[in-house]
Each structure stands twice: as C-alpha cells, then as structure tokens.
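So the sequences go chain by chain: A and B.
Its first residue numbered 3, the first sequence is counted upward by one per residue in our numbering.
Its first residue numbered 3, the second sequence is counted upward by one per residue in our numbering.
Fair warning: there could be bad hints in the mix.
Calculated lysine-lysine pairs in the PhoX-like style (CA-CA distance at most 25 Å, straight line) [unchecked claim]:
(1) B/Lys229 <-> A/Lys222
(2) A/Lys66 <-> A/Lys157
(3) A/Lys212 <-> B/Lys273
(4) A/Lys258 <-> A/Lys273
(5) B/Lys273 <-> A/Lys130
(6) A/Lys206 <-> B/Lys273
(7) B/Lys49 <-> B/Lys130
(8) A/Lys261 <-> B/Lys179
(9) B/Lys215 <-> A/Lys163
(10) A/Lys255 <-> A/Lys280
(11) B/Lys222 <-> B/Lys130
(12) B/Lys280 <-> A/Lys215
(13) A/Lys222 <-> B/Lys255
(14) A/Lys206 <-> B/Lys258
(15) B/Lys212 <-> A/Lys179
(16) A/Lys255 <-> B/Lys222
(17) A/Lys280 <-> A/Lys261
(18) A/Lys222 <-> B/Lys130
(19) A/Lys255 <-> B/Lys206
(20) A/Lys244 <-> B/Lys267
(21) B/Lys204 <-> A/Lys267
(22) A/Lys222 <-> B/Lys281
(23) A/Lys229 <-> A/Lys215
(24) A/Lys244 <-> B/Lys273
(25) A/Lys215 <-> B/Lys163
(26) B/Lys267 <-> A/Lys204
(27) B/Lys261 <-> A/Lys261
(28) A/Lys273 <-> B/Lys229
(29) A/Lys179 <-> B/Lys222
(30) B/Lys215 <-> A/Lys130
(31) A/Lys244 <-> B/Lys206
(32) B/Lys222 <-> A/Lys261
(33) A/Lys222 <-> B/Lys261
(34) B/Lys255 <-> B/Lys273
Please keep in mind that the hints were generated in silico from the structure rather than gathered at the bench.
Every value quoted in this text rests on a predicted model; they were computed, and no experiment measured them.
Protein chains: 2
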Amino acid sequence: MSLKFRRIGIIGIGLIGSSFALAIRKKNLTDEIWGYSNTGSSSKRAKELGIIDYVANNLFEIGKNCDFIFIAIPVLSIPLILKELAEYAREDTIITDGGSTKHFVEECHKYFKFKNFIGGHPIAGTEKSGPESGFAELYENNCCILTPVRETDIKKLEIVKAVWETIGMNVVIMSPKEHDRIMANISHMPHVIAYCLVDSVKDKYFNGDKITKLAGGGFKDFTRIAKSDESMWTDIFLANQKYILSAIDDFEKSLKELKTFVIEKDFEKIKNFLARAKKSLLD
Amino acid sequence: MSLKFRRIGIIGIGLIGSSFALAIRKKNLTDEIWGYSNTGSSSKRAKELGIIDYVANNLFEIGKNCDFIFIAIPVLSIPLILKELAEYAREDTIITDGGSTKHFVEECHKYFKFKNFIGGHPIAGTEKSGPESGFAELYENNCCILTPVRETDIKKLEIVKAVWETIGMNVVIMSPKEHDRIMANISHMPHVIAYCLVDSVKDKYFNGDKITKLAGGGFKDFTRIAKSDESMWTDIFLANQKYILSAIDDFEKSLKELKTFVIEKDFEKIKNFLARAKKSLLD
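For reference, chain A alone in the conformation it holds in the complex:
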C-alpha cells in the first residue's frame, strides 16, 4: 500500500485542520493540500500562512478533486457536510473526520454507496483555535480512535489508520457508541467540570481583584480547559447528551461520597478515597 495521495482536502482549517495539514506535509503524504472553510476566512488565512495550497470555493471542488478528505469542523455540522460530499465521492475517495462525538457515524455511513466514510477522532488539541495555532506535532504520541460500523470497507479503514499512524498517533478501533461513552467520561467531563469550577468563582473578589489571580498550578490547568471554544463544546455537550449526563451522574456519586467523608471528618475514609483514586491511575 503506497501511502501517498494525489490531493488531500481539509474541511475546516482551525487548530485541528491546520495541524493535520502541517503534519501530512511534513510526512510527505500528498503533493497538494486543498482547504475549504464555511466562511472562507480561516482557509484564506491558512493559504497566506502556506499551510494549504489552494482555497476551494465549495464542497463540490473538494469532493470531486481530492482522494482523501478530512473534516475538522464543530461536530453538529459534520453530518450536513457528509451528506453533500456523498454526492461527489468517487469509489476510491476516502473521507474521515475529527469530530469529538461519533453519534452520527452509523446514520451518515448510509449516505455513501462506496462506503467512503470512516468516522474518527484524533484525541489531541489545545485550548487555542484558528489556523495560526496549528503545529505539525499536535498529533504525535496521542491516541486516535476510529469507529467503523458493521458495513465499513476494511481497506479504507486500514488506509485511514495508516494516515494517522504515519503522523504519530496510536490508533484504537471501537464502535461509535463505545467511543461516545468513553469520551463522555474522560474528555467531555473534564470540560464540564472546568467550566463549572470557573463559573463557581466568577463573582468572588479579594481587594478588588478576582480571586483567580491568586490561583496556583492546579486551578490554572482548569482555566486552560475553560478557555476552549464555547461553540465547539456546546456542540459536543448536545451531541453526546446522553453519555455526558451519565458521566455527570458517575461524577456526582463520587463527589457525594467524598463530601460525606469530609462532613464526617473521617480522616481514614478521606485518605483511602484519595489513595484509591491515585492508585487507579498507576495500575
């Protein structure tokens, strides 16, 4: 299998899309990178920065001319793009995405008569957005989940897997549902919590300054997450509503347990709770 594409298309050129462009260029996976963005502004900026070679005018251009297409836009908008791309895709076109939930994969797979679409989720990112924030190493040593369905074309799956592996990711395969359930706990919940913690102190001041000015490293990690793009995360919270609510329940149970021990001033129980959590990370 020769892993070199004639032309790769990227839809959405923010942090994720531009980092993908820089990474595939570095690994020489294609001769040419085309980009398309909804408003056109981020793709134009990416062209100015030399991240992509050409700004496509519409999805038709991308769909007809690219043999590998990566969709990197807010997750609720992905199904519409897939629906249109399904009209243009040739038999050998491969389409994948970076959406943070995979709830739409089962349904959208049906649009493609050539089974062109492989759902995916490279688990990488920073709190920054826009093409300027992209960097070729974003994906290295991180995990990428691919979510085939029963009818997925295994050859196309293997190609998508090889692309992510070439730019440094560890690829894990699971069903879309499994993905959404797991991500609710380990990716979406940290964001729910970070936004809520910041919200809970937003009106607290000391000497006219926000108390967050006194924060140490622990709180700063939370604020980094809470600076993420609110539209993108609203999309995710809605797209993965069911599993996120379940993850909130899981968390609330744990919080209730620890809170009870604190109310009871039970040194041993608190310490065991903390030690058990810590140990679970080291197992």
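Using the hints provided, position chain B relative to the given structure of chain A.
Using the frame of chain A, we list chain B on its own:
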C-alpha cells in the same frame, strides 16, 4: 534591613522545604541551612543531596540555633510544632510556615511571647514529593499569601515578606480566614474535583485496559493533580472543612445549572454559560 540570616532552619524537607532551601541558597540568604524532619529520613536524604548542611536531632536544636525557621509539613501537624518552638524562640527568632490552610494562626500566635510567628502560604507545588523533587525555581512568579493577625509584629512580617520576594514570589497579605475561604475555591476544590473525576472512572475498561489510557490533555491535567500526596490533602480537607464544604456547594450549584441546560438541550443557554465562564477568566 540586611536580608541575611546566620542560620535558617527548615522543618520538613519534602518538595516545599527542599525547594525553599535551594532557593534561599541561590539567593545567598543564609550561611547555613539546618533541617529537621519527623522520621529523619527526608532530612538525611536532603543532607546527602547537599540541600541542607546539617540534620538537627530535635526541635530544640532548630529552635535555639536558627534565626529564621520555615515549617513545611502537613498542615494538621503544624500547631504542635509551633507549640514546642514557642518554648525555644528568642526575641529575634522569626518563624513562618507553608501550610495550605491558616485556621491555626490566630490560636498559635498566642504561644509566642515575642510574636515570633507569621503564618504564610507560598502557592506553589507540583504533584511530586520528597527532597529529590525540590528545585530552586519552584516559587518564582507565584503568589505567596501572608496572614498576620491583629497583634502581629509588623517588622517581623516585613522580613518574612522580603524573604519570599527575594526568591521570586508576589506577596499578598490577608487574614487567615480570608485565606482559607479563597483557597477552598481555587486550590482545594480543584483537588476535590480531580480526585472525584478519577474515582468516577476507576472501574471503567475498554478491551481490558483502563479507559484513562485513552485520555487526552484535559484529563491528564486532572490526573496530575490526583497523584498528589493523599495524607497531605486529607489534612487540608479536614483543616479547611467548613470552607471546602461551602466551595463544594458553589460548584454543585454551577454544575446543576449546566446540567439542566444539557438536559433541556438548550444550545444558547449552554453556550452562554461556557462563554461567561471563559470571559470571567479574561476580565
């Protein structure tokens, strides 16, 4: 004011104590550093590493021979140490601490007939512990809170302030209660939450592996905090029980609000909630 001490004593030579030793040595604040630790093992190790010059055999030695003493041990043990040191302190001895709560300051101040004790809290740390984990730059550009009481000797307060400023900290003065209230929200809560989030996923697996293996940057920040020393944090949760329970309430209110918006699938309300939190960090 000449900021040079004849002999500085450090009680507890973990991350905080050893970093303090390295920092004051770097800034030439003393000719000699004596260390004391409860079991003796960490002070012996610190001596081997060249971090301190002498391992004191008891508190008497430290109290009688050092003109500046920094106590860096789990917070619930600090009052006992202060009670004993109060018997040995000369008029010009200055004693401060690094305890994460300041609930004991008002009471312990009374032990000292020469007003030797100034409560403090350098807000710096990592998830590591032990003398090996210390480094001279730990305190630089971080915030240190000093918590005088009504009767505090202002000259001694100024000296403690100058020490922390010399090793790079921004010193903020507030009452012990104000300190504990603020720290509950911005330092203790991130730990409560991190331990609970990790606890909530401890029994979740995918293909025989913990799902935490699939975690991205957001979750990893939480797990870093949840690897902190459990005894130290149990102490803090107990010592600051009242304000921590209040901070948990604040957080639960925010979580309830966001959860309701997610249940209602209200895009605008979720987005506004996230945007408001984000904005509060930038104000």
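Hint by hint, here is what the structure shows:
Taking the CA atoms of B/Lys229 and A/Lys222, the gap is near 17 Å; set against the 25 Å cutoff, the hint holds. About 21 Å separates the Cα atoms of A/Lys66 and A/Lys157, which keeps this hinted pair within 25 Å; it holds. Distance hint between A/Lys212 and B/Lys273 is fulfilled; the C-alpha atoms sit about 23 Å from each other, no more than 25 Å. Taking the CA atoms of A/Lys258 and A/Lys273, the gap is about 15 Å. The hint holds against a cut of 25 Å.
Proposed proximity of B/Lys273 and A/Lys130 is supported: the alpha carbons are some 17 Å apart, at most 25 Å. At roughly 22 Å between alpha-carbon atoms, A/Lys206 and B/Lys273 fall within 25 Å of each other, so this suggested pair holds. Distance restraint check for B/Lys49 and B/Lys130: the Cα-Cα separation of roughly 19 Å lies within the 25 Å cut-off, and the hinted pair is therefore satisfied. Note on A/Lys261 and B/Lys179: the hinted pairing holds, with a Cα-Cα distance of about 21 Å set against a maximum of 25 Å.
With a C-alpha separation of about 19 Å, the suggested pair B/Lys215 and A/Lys163 falls inside the 25 Å cut-off, and the hint holds. Of the supplied pair hints, the one linking A/Lys255 and A/Lys280 holds, its CA atoms being roughly 17 Å apart against a limit of 25 Å. Under the criterion of a C-alpha separation no larger than 25 Å, the hint pairing B/Lys222 with B/Lys130 is consistent with the structure, at around 15 Å. In summary, the hint linking B/Lys280 to A/Lys215 is supported, as the alpha carbons are separated by about 14 Å, within the 25 Å threshold.
For the proposed pair A/Lys222 and B/Lys255, the alpha carbon gap of about 21 Å is at most 25 Å, so the pair holds. Using a Cα cut-off of 25 Å, the hinted pair A/Lys206 and B/Lys258 holds, with the two alpha carbons roughly 19 Å apart. About 17 Å separates the Cα atoms of B/Lys212 and A/Lys179, which keeps this hinted pair within 25 Å; it holds. Among the hinted pairs, A/Lys255 with B/Lys222 is consistent with the structure: their alpha-carbon atoms are about 21 Å apart, no more than 25 Å.
Using a Cα cut-off of 25 Å, the hinted pair A/Lys280 and A/Lys261 holds, with the two alpha carbons roughly 17 Å apart. With a C-alpha separation of about 17 Å, the suggested pair A/Lys222 and B/Lys130 falls inside the 25 Å cut-off, and the hint holds. Straight-line distance between C-alpha atoms of A/Lys255 and B/Lys206 comes to about 15 Å, which keeps the hinted pair within the 25 Å bound. Taking the CA atoms of A/Lys244 and B/Lys267, the gap is about 10 Å. The hint holds against a cut of 25 Å.
Between B/Lys204 and A/Lys267 the CA atoms are separated by roughly 24 Å; this keeps the pair inside 25 Å, and the hint holds. Only pairs whose Cα atoms come within 25 Å are accepted, and A/Lys222 paired with B/Lys281 is accepted, the gap being roughly 15 Å. The suggested pairing of A/Lys229 with A/Lys215 holds, with an alpha-carbon distance near 15 Å, which does not exceed 25 Å. In summary, the hint linking A/Lys244 to B/Lys273 is supported, as the alpha carbons are separated by about 18 Å, within the 25 Å threshold.
Note on A/Lys215 and B/Lys163: the hinted pairing holds, with a Cα-Cα distance of about 19 Å set against a maximum of 25 Å. Taken as a hint, the B/Lys267 and A/Lys204 pair is honoured in the structure, with Cα atoms around 24 Å apart against an allowance of 25 Å. A hinted pair counts as satisfied when its Cα atoms are at most 25 Å apart, and B/Lys261 with A/Lys261 qualifies at roughly 19 Å. Among the hinted pairs, A/Lys273 with B/Lys229 is consistent with the structure: their alpha-carbon atoms are about 13 Å apart, no more than 25 Å.
Annotation: proposed proximity of A/Lys179 to B/Lys222 holds, straight-line Cα distance about 23 Å (limit 25 Å). Under the criterion of a C-alpha separation no larger than 25 Å, the hint pairing B/Lys215 with A/Lys130 is consistent with the structure, at around 24 Å. Annotation: proposed proximity of A/Lys244 to B/Lys206 holds, straight-line Cα distance about 17 Å (limit 25 Å). Straight-line distance between C-alpha atoms of B/Lys222 and A/Lys261 comes to about 23 Å, which keeps the hinted pair within the 25 Å bound.
Taken as a hint, the A/Lys222 and B/Lys261 pair is honoured in the structure, with Cα atoms around 23 Å apart against an allowance of 25 Å. Between the alpha carbons of B/Lys255 and B/Lys273 the distance comes to roughly 17 Å, so the proposed pair stays at or under 25 Å and holds.
When the structure is compared with the earlier hints, no violation turns up for any of them.
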